[in-house]
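Chains as they are written, first to last, in the numbering used here: chain A, 1 to 171; chain B, 172 to 465.
If you're looking for bench data, these hints aren't it; they were derived computationally from the structure.
As the structure is a computational prediction, the values presented were derived from the model and not from experiment.
Possibly wrong hints are sitting among the right ones.
To be verified - Label pairs and their computed distance ranges (CB to CB): (1) Arg304(B) to Arg14(A): 49 to 55 angstroms; (2) Gly398(B) to Val159(A): 42 to 48 angstroms; (3) Ala169(A) to Val420(B): 54 to 60 angstroms; (4) Asp138(A) to Glu265(B): 57 to 63 angstroms; (5) Pro230(B) to Trp12(A): 54 to 60 angstroms.
All C-beta atoms, glycine included, are put in the ideal place defined by N, C-alpha and C.
What follows is each chain in one-letter form.
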Amino acid sequence: MRAPLLQRVDAWLRQALPGLLTLLLVLFSVAPLRLPDYAAVTPGLVLISVFYWTVHRPDLFRPWHACVLGLLDDVLSGGALGVNAMVLVLVHWSVVAQHRFFVGKGFALVWGAFGVVAPLAIALTAMLSLLAARVLPDPAVVLVQALLTVALYPPVAWVLGRAQRLFLAGR
Amino acid sequence: MAFRRQGSVTRLAAPFRGLAQRNAALGLVLLCAVLIVVGRAEPRVLERLRTLVLDVAGPVADAVSQPVVATQRVADGIAELLSLHSENAILREENARLAQWQVVARSLDAENRELRRLLQVPGDPPLGFVTGRVVANSGGSFVHSVLVLAGSGDGAAKGHVAVAADGLAGRVTEIGERAARVLLLTDMNSNVPVVLERSRERAIAAGDNSGRLRLLFLAPAAQPQIGDRIVTSGHGGVFPPGIPVGAVVGFRDGIALVQPFVEAARLEYVRLVDYGLGGILPQPAPPPARSRGR
C-alpha cells in the first residue's frame, strides 16, 4: 500500500514542479542580496519563469499559478496588491493565445519573443504601479531592469530546461 | 471506431476548453483589478490579508535567504582580505581622530550631567526595542522596503522607528505576529522632518525611489553645503529628534540631495524602537544638541 502513495506524491511533485520552481524564484528575488544598486534594478526572474513554463508546459502552469505567485510577490515586495499578479496573468494569457507560434520553434525565436513580452510587461507594471500607488519609477531604471531581464533569460531558461528534462521528461 | 469517437469528442471540446481557460484568465485579471482598486480606495480591507501572508512568508524568506547570506559573507570576507592594508591605514587615522573626540565627549558628558543635576532634569525613560534580521529586500524600482523577522509577538508595533548602527533606516508600516515591513527612507512615500545639524534649518527629507533623499521645504535663506549632516527634527511626532539621517552630497535643480547613512542594500539587522510617539506630538521645540554619540 506504501508504493502507490509514494508514487502519487512523486507524480504530484513532478506535476507541481513548474509552480514550485517559480515559487522558489519569487522567494529568491526578494532575498537580501547585499549588492549595492542591485535592489534598484532587480531583474524579473519570476517573469522569466512564468514565460518559460507557459511556453513549454502550459498544461502544468495554469493562469491561477501565475496569479497566486504574483500576489505572493506583491505582498513580499510590499508593492500594491494585484499589480504583479495581473501582469503575470496577462503574460500567461498572451503566450497561451500565441501558443501555435511557439510550437517546435528554436531557442532564439522564443528568446526573441521574450524580448518583446518582457519590456511590455515591465512597462505595464510601471503603469499599474502609477495607478495603484502613484509611484512613477525612474524610466532609466525601468529600462535597465527590462534589459537585464531579457539578458538573463538564457541562463535562467537553461536551468529551468535542465529541471524540465530531469523531472518531466516524457510526461 | 470507439477511438475515433473519443478523438472527435476531444476535438469538439477543445474550443470550449480554450474558452474556459481564456475566461479563467479574464476572471483572474478582473480579480487583480478589483484588488488594485480596493487596495487604493480602502487599504485597511487588505491589511489583514497582507499581514497574514507576511507571517507565513517571513520565516520561509528567512530560510531561503540563509544560503544567499552565507555566500555573501564568504565573498565579503575575500574582499576584506584584499583591502586589508588600505583599510588598516584608514582605521588608524580614524582611530586617532576618534580618540580626540572621546576626550571632548567625556568632558561634555560630565558637564551635561552636572547641569542636569543642577536643573533637576528628569532622565530619559528607558526605550523598548526589539532587533530583527532583514530577511527580504523588496527589489525593483517601485517600492523601497525591507521585511524584518520581528513582529507584534516580539513587542514591535506599527509606527515604531527602525534604526540601524549608522542611523535612521525607516519606520514600521505593516506588522504581523512574526514579521514586520519597514518602509525605508528612500521610498517615494517616505517624508521625514529633519534639521541641518549645523544651522538648525528645518526641511523634509523626501525619498523618490532612487538611493538619495531630496531636501524639500528648506527656507530660501538656508544655504546647505556639501557634507552637512542631517538629523531628524522630531516635528510631526513620527520620528524622535536627533537621529542621524544622512549627509548632503550634491544639488539638482536647486534642491539639496542627501545620501542616507544607512545603506539599504547592506542592512542586516535593524532595531525597531518604541519611542512612545504613537501619534502624540512631542514638545514643540526640539532639544538642541541631543547628539547620539556619533
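(message) Hint compliance check: list the failing hint numbers for this structure, sorted ascending.
(response) 1, 4, 5
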